[in-house]
Amino acid sequence: MCGGASDLRDKWKEMNKEEQTILASKIGDNNMSKKYGFVIDLRKCTGCYGCQSSCKMENKVPMGVNRATVFIKDAGTFPENKRFFLPVLCNHCENPSCIKACPVPGATFKRADGTVLVDHDKCVGCGYCAAACPYGARFMNPATGKADKCTWCVHRLDAGLEEPACVRNCKGSARYFGDLNNPDSSVSRLIAESKDRIKVRKEEFGTKPQAFYIIDNRTKLDVE
Amino acid sequence: MQVSRRVFLRYAAALGGVAALNKSGLMTLKNLSPSEAEAMQTSMGKYEVKYTADAMCPAECGMEMWIKDGKIAKIYGNKAVPMNDGIACAKGASGQQLVYSPYRLKYPMIRVGERGSGKFKRVTWDEAIDHIGKKLADIKKKYGAESAIMDCGDVTDRDHYYRLFFAYGTPNCTEHGSICDTPRRHGPKLMVGGKRWEPDIMRPQLVRQPDGSLKKDYTYKSKLIVYNGWNPFVATRIFYESRGTVGAKVENGCKVVVIDPSYSNTATAADMWLAPRAGTDGDLFGAMLRYILENDNQNDPNKKYINWSFKKYSTGWEDFDAAFKSWWGKKDPINGLSYFSLDWAADRTGLSKKQIEDLAHLFGITKPAALVWGMQSPGHHYNGYCASIIGVALNVITGNFDIPGGVIDTELVKSDKGGSATGKQFKSKKVKRMIDGKEVEGEVEHFHMDLFGSKYPAAWDDAVADYPNAFMEGVDVRYGPFRGYHYPIKAYILRTGNSILTGSAPYKWKDAILAKDASGNYKLELYVFIDSLNLESALYADVILPEASYAERQSLSDIYPSHQVIYNRDAVIKPLHESKKPTEIMNMLARKLHELGDSDIKGSDFWEKYKTEEDFVNEMLAPAPGRVNVGTPLPYPQYPEGYKLIGTPESLEKGEVTVDDRNKVVKGKPVTVEWLRNNHGVAIWPMSWYRYKKHNADEPNKAFPNTSTKLIEFKFDWADGGKRYGGYKSYNEKIEKAGGEVPLGLREIGFSKFPSTFFWFETKWNPYTNPEYKKYAKDYPFQLICGRVHHAMSGTQMIPWLGEIKTEGTWQPMNNEFEAEVPEAMPMGDEPMKAMKMKFKANTYAVGTIWMNTDDAKKAGIKNGDLVVVENPLGKSTKGKVFASGGIRPGIIKIGFATGGRFSEGLGPAYKTKDYTPSHNDLVDPDVLSPIMGFPGYADMIVKVKKV
Chain E
334 MCGGASDLRD
344 KWKEMNKEEQ
354 TILASKIGDN
364 NMSKKYGFVI
374 DLRKCTGCYG
384 CQSSCKMENK
394 VPMGVNRATV
404 FIKDAGTFPE
414 NKRFFLPVLC
424 NHCENPSCIK
434 ACPVPGATFK
444 RADGTVLVDH
454 DKCVGCGYCA
464 AACPYGARFM
474 NPATGKADKC
484 TWCVHRLDAG
494 LEEPACVRNC
504 KGSARYFGDL
514 NNPDSSVSRL
524 IAESKDRIKV
534 RKEEFGTKPQ
544 AFYIIDNRTK
554 LDVE
Chain D
38 MQVSRRVFLR
48 YAAALGGVAA
58 LNKSGLMTLK
68 NLSPSEAEAM
78 QTSMGKYEVK
88 YTADAMCPAE
98 CGMEMWIKDG
108 KIAKIYGNKA
118 VPMNDGIACA
128 KGASGQQLVY
138 SPYRLKYPMI
148 RVGERGSGKF
158 KRVTWDEAID
168 HIGKKLADIK
178 KKYGAESAIM
188 DCGDVTDRDH
198 YYRLFFAYGT
208 PNCTEHGSIC
218 DTPRRHGPKL
228 MVGGKRWEPD
238 IMRPQLVRQP
248 DGSLKKDYTY
258 KSKLIVYNGW
268 NPFVATRIFY
278 ESRGTVGAKV
288 ENGCKVVVID
298 PSYSNTATAA
308 DMWLAPRAGT
318 DGDLFGAMLR
328 YILENDNQND
338 PNKKYINWSF
348 KKYSTGWEDF
358 DAAFKSWWGK
368 KDPINGLSYF
378 SLDWAADRTG
388 LSKKQIEDLA
398 HLFGITKPAA
408 LVWGMQSPGH
418 HYNGYCASII
428 GVALNVITGN
438 FDIPGGVIDT
448 ELVKSDKGGS
458 ATGKQFKSKK
468 VKRMIDGKEV
478 EGEVEHFHMD
488 LFGSKYPAAW
498 DDAVADYPNA
508 FMEGVDVRYG
518 PFRGYHYPIK
528 AYILRTGNSI
538 LTGSAPYKWK
548 DAILAKDASG
558 NYKLELYVFI
568 DSLNLESALY
578 ADVILPEASY
588 AERQSLSDIY
598 PSHQVIYNRD
608 AVIKPLHESK
618 KPTEIMNMLA
628 RKLHELGDSD
638 IKGSDFWEKY
648 KTEEDFVNEM
658 LAPAPGRVNV
668 GTPLPYPQYP
678 EGYKLIGTPE
688 SLEKGEVTVD
698 DRNKVVKGKP
708 VTVEWLRNNH
718 GVAIWPMSWY
728 RYKKHNADEP
738 NKAFPNTSTK
748 LIEFKFDWAD
758 GGKRYGGYKS
768 YNEKIEKAGG
778 EVPLGLREIG
788 FSKFPSTFFW
798 FETKWNPYTN
808 PEYKKYAKDY
818 PFQLICGRVH
828 HAMSGTQMIP
838 WLGEIKTEGT
848 WQPMNNEFEA
858 EVPEAMPMGD
868 EPMKAMKMKF
878 KANTYAVGTI
888 WMNTDDAKKA
898 GIKNGDLVVV
908 ENPLGKSTKG
918 KVFASGGIRP
928 GIIKIGFATG
938 GRFSEGLGPA
948 YKTKDYTPSH
958 NDLVDPDVLS
968 PIMGFPGYAD
978 MIVKVKKV
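Quick note, the sequences are listed as chains E and D, same order.
The numbering used here applies: residue 334 is where the first sequence begins, and numbers increase by one.
The numbering used here applies: residue 38 is where the second sequence begins, and numbers increase by one.
Simulated from the structure, these hints should not be mistaken for laboratory data.
Certain hints may be false.
[Said to hold, decoys possible] In silico DSS-like links for lysine-lysine, alpha-carbon gap of 30 angstroms or less:
#, chain 1, residue 1, chain 2, residue 2
1, D, Lys878, D, Lys811
2, D, Lys83, E, Lys406
3, D, Lys895, E, Lys406
4, D, Lys83, E, Lys479
5, D, Lys390, E, Lys415
6, E, Lys415, D, Lys878
7, E, Lys406, D, Lys774
8, E, Lys393, D, Lys871
9, D, Lys900, D, Lys108
10, E, Lys532, D, Lys475
11, D, Lys774, D, Lys469
12, D, Lys83, E, Lys455
13, D, Lys258, E, Lys415
14, D, Lys292, E, Lys415
15, E, Lys479, D, Lys258
16, E, Lys553, D, Lys469
17, D, Lys108, E, Lys415
18, E, Lys479, D, Lys871
Let the hints inform the model, and build the full structure from the sequences given.
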């Protein structure tokens with residue numbers, strides 16, 4: 334397999350820019366039938382920030398910025414006080430406002446499988462997309478100067494690994510990832526089972542987030 | 038164009054949809070078999086996957102590390118390990134920042150200034166080993182080998198060092214457990230011969246099915262878990278309790294009760310949060326027990342609390358019951374109320390009668406249930422033993438001990454390890470000493486400073502907090518053959534511990550280490566510090582040795598699963614800088630001592646025997662799993678019940694064994710490092726429950742638990758048929774042989790010997806339960822408690838990613854602006870980390886904070902973020918910023934354990950914030966050492982708070 338891998342690298346290097354562009358635009362085509370979705374079971378979040386650290390480890394995200402994080406809110410007075418955890422990441426919206434805001438065609442795009450990505454080669458770092466995101470999911474990466482955000486660890490998905498690093502490492506087993514088109518996937522089953530307990534963040538913006546939350550009477554989505 | 042791995046992966050993925058490329062032959066990548074895919078995933082970036090464990094944290098989860106070019110590139114949980122089931126928490130995933138930290142100890146050093154000045158010179162390993170060897174040889178000659186203490190701070194990898202020092206001739210070897218939570222473990226140790234009681238929520242479990250096959254079972258059985266002073270979501274020692282608690286809740290409707298004066302992260306999952314006064318855990322447990330005994334009605338399904346079948350598997354209940362009830366007739370001097378009544382408990386705990394009654398009823402009626410108590414409750418109070426003992430009784434009489442979904446003594450069921458590698462056998466070596474002009478012979482073991490010393494002869498986990506006294510005054514042997522012998526402590530070897538900061542009050546430790554004799558020499562003649570980290574305790578050392586980090590050395594994890602599991606902590610990269618592995622350090626020191634003429638140290642026991650660390654680990658693995666074939670379903674129905682099992686799961690399953698009927702042992706092929714490496718790093722043997730009874734009959738199996746009668750024991754010292762039994766028996770025999778001389782600890786609480794069944798005494802520095810301290814309540818209106826924030830301990834405070842995390846009220850982004858060098862991830866290239874100087878803006882980086890109730894703060898004119906001084910009645914104080922919230926009981930102040938005041942530059946960012954972060958330990962009373970185990974009363978203190 335190692336040989337195969339280096340062959341591939343050589344082939345890529347031999348291609349001209351146009352061929353490479355064609356290839357890049359086809360990304361996700363092999364997953365045409367797939368539509369990825371993310372489910373966070375808030376009842377199981379232990380507020381540990383493992384998602385944030387795992388993301389930093391996996392994606393080498395610089396200090397001070399995060400692709401995935403947790404909002405924590407302490408509220409109320411003793412003994413009726415509460416603490417809410419809200420793990421957040423890019424919602425990979427079906428109707429993403431960030432793409433509309435981007436002035437450079439193709440600098441941010443949505444793959445056929447629903448993953449919203451930034452093409453770092455095209456991004457000019459204007460920050461419009463970050464301003465347009467109602468969830469604050471995008472930021473300007475201090476190391477690259479380009480827009481940055483959660484990719485659902487697309488490099489892992491494309492290598493055939495089944496889940497993003499934050500799902501892989503989630504301490505409460507509160508995070509799920511998979512194919513919404515497959516009724517037997519964990520995400521489809523959870524969404525079906527949870528019915529009206531399934532919510533998305535800031536529904537009023539109409540972006541149709543594809544990160545879904547399972548909530549109960551003890552958990553909250555508006556804790557920012 | 039340089040093709041990054043990411044682009045390459047995108048390319049590879051795109052291939053499937055690009056028919057034109059079919060001709061290129063690259064389509065062979067499509068439709069891989071699962072094994073090909075796995076090989077591809079790891080080979081594409083030339084990653085090598087290694088299975089190891091996360092010993093940067095006491096949970097020691099099983100890890101999968103991806104290595105690229107000899108460096109750690111990725112960290113995930115090992116999916117084959119049931120402790121963490123493939124998960125890595127925030128700490129685990131941040132390991133690169135510890136391993137590649139610029140603050141690590143890099144080379145050996147010898148002190149050049151005064152102790153504590155922090156002035157050292159770099160030396161070679163040979164020079165350092167020579168220095169230590171000569172000192173140790175000299176000390177042994179002048180004072181005897183027992184004058185050396187080997188304190189292994191961390192539990193993991195202690196065995197190499199223990200082995201060396203047992204062979205050298207001292208029994209005084211200890212580890213972290215001794216300053217962790219000994220009173221908490223007391224009840225289990227005394228009553229079942231175990232240690233840690235945890236809810237049965239480790240999933241998956243490997244369970245024998247009726248058809249004989251083994252199945253990974255993920256189903257939760259628990260219906261109620263009561264956590265008292267135990268916060269698994271944050272202090273993650275028993276890692277599965279995070280996903281297990283929320284899993285049992287969501288998937289099995291399990292109710293969760295959290296008892297904690299502060300609203301912990303675990304409390305966020307609680308159906309009931311009770312916030313009592315500090316140090317009243319035993320009061321609450323006692324009231325629960327009395328309520329259950331008084332209100333149990335076997336004919337009323339709503340009051341059928343007790344499962345009386347426990348009497349078949351236990352002994353001494355009548356004695357315990359009578360002793361417990363004898364207190365009901367007494368009036369407590371603090372409130373004039375009958376002990377353990379609801380009124381009494383309400384008055385002392387500050388909870389309402391109804392809350393206590395509801396809890397007692399809920400626990401009594403719900404099955405299966407687990408009542409567990411943690412480090413921050415019985416563990417850290419002077420009288421924690423009482424709570425721990427009542428806790429065991431509550432679980433046992435309600436029928437919850439070792440049932441599916443109940444509570445498990447994880448010490449009793451974890452895999453055995455260590456074997457002869459630990460060097461225990463060296464402790465039985467005969468030695469002679471002159472006492473009062475007479476030559477007396479005993480064994481090395483009989484010098485043990487606690488077990489045969491004048492203070493805590495039942496301190497089976499050692500009394501580290503008493504070491505400063507031993508450095509100053511030496512050890513008086515009062516029990517055993519060397520009774521009457523006195524010896525000084527002259528050498529202190531501290532490895533991966535930080536006793537100066539955390540082994541009770543730092544000032545007491547500093548004073549003892551700096552103390553000089555009449556001629557101006559340090560009383561403690563040798564102090565060696567061994568670690569990967571440059572902690573405060575290093576500043577006071579004479580010699581510093583850099584040990585390989587957890588990812589660079591191999592051993593076995595110290596873990597507490599619900600059945601036998603063992604995994605290899607492989608060395609995944611080579612030791613960085615000049616650091617060395619414990620095996621090598623042990624061998625180097627052994628060889629040096631041998632060269633210097635120490636005939637107790639032989640090559641055949643050390644450097645000739647252990648050529649590699651793998652040799653050592655293989656010897657440690659030899660006894661695994663070492664537990665008896667008991668419980669339902671019987672783990673191995675093909676072997677006799679009650680026989681000890683040794684060998685790989687594979688060989689036991691296949692019947693590749695010898696059965697020794699005389700010694701009742703079934704022996705398969707030994708577990709080895711090689712076997713583990715070929716099995717995802719882990720060996721797992723089957724789970725069973727009801728391990729205290731026969732699998733096919735309601736009678737004891739005489740093989741479990743690990744007590745003198747192999748029954749659960751409610752009495753602790755008794756004679757029957759000319760034989761003596763019980764957990765305290767041997768200690769009372771020591772006292773009797775010494776003419777009734779009462780050890781210091783027992784004298785403090787007015788006992789003349791170790792009690793024969795239930796006992797009770799009050800804690801210290803608690804004005805609400807102990808009349809002696811009532812007078813302080815007005816001037817010191819707050820009780821001070823502490824709690825672990827596992828990602829804010831020494832090693833983890835060096836990790837900046839964890840500084841970006843906040844936790845509860847004791848670890849909050851309240852920093853002043855500071856600049857520090859930190860390891861930063863490199864987005865480009867393959868270098869995992871690079872040390873960079875970075876500026877941290879105010880309130881962006883988490884630091885240790887002082888948590889107090891909002892109303893208390895308001896009354897004192899204190900706002901969130903204000904700098905305050907916290908002072909105790911001993912005149913000691915610490916400074917820090919306040920985090921005020923409704924999430925803490927009024928009258929309580931909480932500070933994270935060792936989160937602040939970190940005065941070693943080796944802590945990196947934490948050092949930069951030391952002037953406004955609190956050190957809880959500065960407020961601990963070093964003279965409050967709990968009477969049986971000599972354990973510090975870390976959470977027995979009262980304070981006042983003043984705005985700076």
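Legend entry - Hint consistency between Lys479/E and Lys258/D [alpha-carbon to alpha-carbon, up to 30 angstroms]: violated (50 angstroms)
Legend entry - 30 angstroms limit on alpha-carbon distance, applied to hinted pair Lys532/E and Lys475/D: It is violated: about 82 angstroms lies between the C-alpha atoms, which goes past 30 angstroms.
Inset, instruction - Sort out whether Lys455/E lies within 30 angstroms of Lys83/D, counting only the CA atoms. - result: Within the cut-off at roughly 29 angstroms; holds.
Legend entry - Pairwise hint evaluation, Lys811/D against Lys878/D, where the allowed Cα distance is 30 angstroms at most: violated (45 angstroms)
Inset, instruction - For the pair we were handed, Lys406/E and Lys774/D, check the Cα-Cα distance against 30 angstroms. - result: violated (61 angstroms)
Inset, instruction - Would you mind confirming whether the straight-line C-alpha gap from Lys83/D to Lys479/E stays at or under 30 angstroms? - result: Within the cut-off at roughly 28 angstroms; holds.
Inset, instruction - Would you check the hint for Lys108/D and Lys415/E, treating anything up to 30 angstroms between C-alpha atoms as holding? - result: violated (43 angstroms)
Legend entry - Holds or violated: Lys258/D to Lys415/E, with C-alpha atoms at most 30 angstroms apart: holds (28 angstroms)
Inset, instruction - Mind checking the alpha carbons of Lys553/E and Lys469/D for me, to see if they're no more than 30 angstroms apart? - result: Distance of about 70 angstroms is beyond 30 angstroms: violated.
Legend entry - Hint consistency between Lys390/D and Lys415/E [alpha-carbon to alpha-carbon, up to 30 angstroms]: holds (23 angstroms)
Inset, instruction - For the pair supplied as a hint, Lys393/E and Lys871/D, confirm whether the alpha-carbon distance does not exceed 30 angstroms. - result: Roughly 12 angstroms separates the two Cα atoms, so the pair holds.
Legend entry - Distance restraint between Lys774/D and Lys469/D, which requires alpha-carbon spacing of 30 angstroms or less: holds (20 angstroms)
Hint violations for this structure: numbers 1, 2, 7, 9, 10, 15, 16, 17, all remaining hints satisfied.
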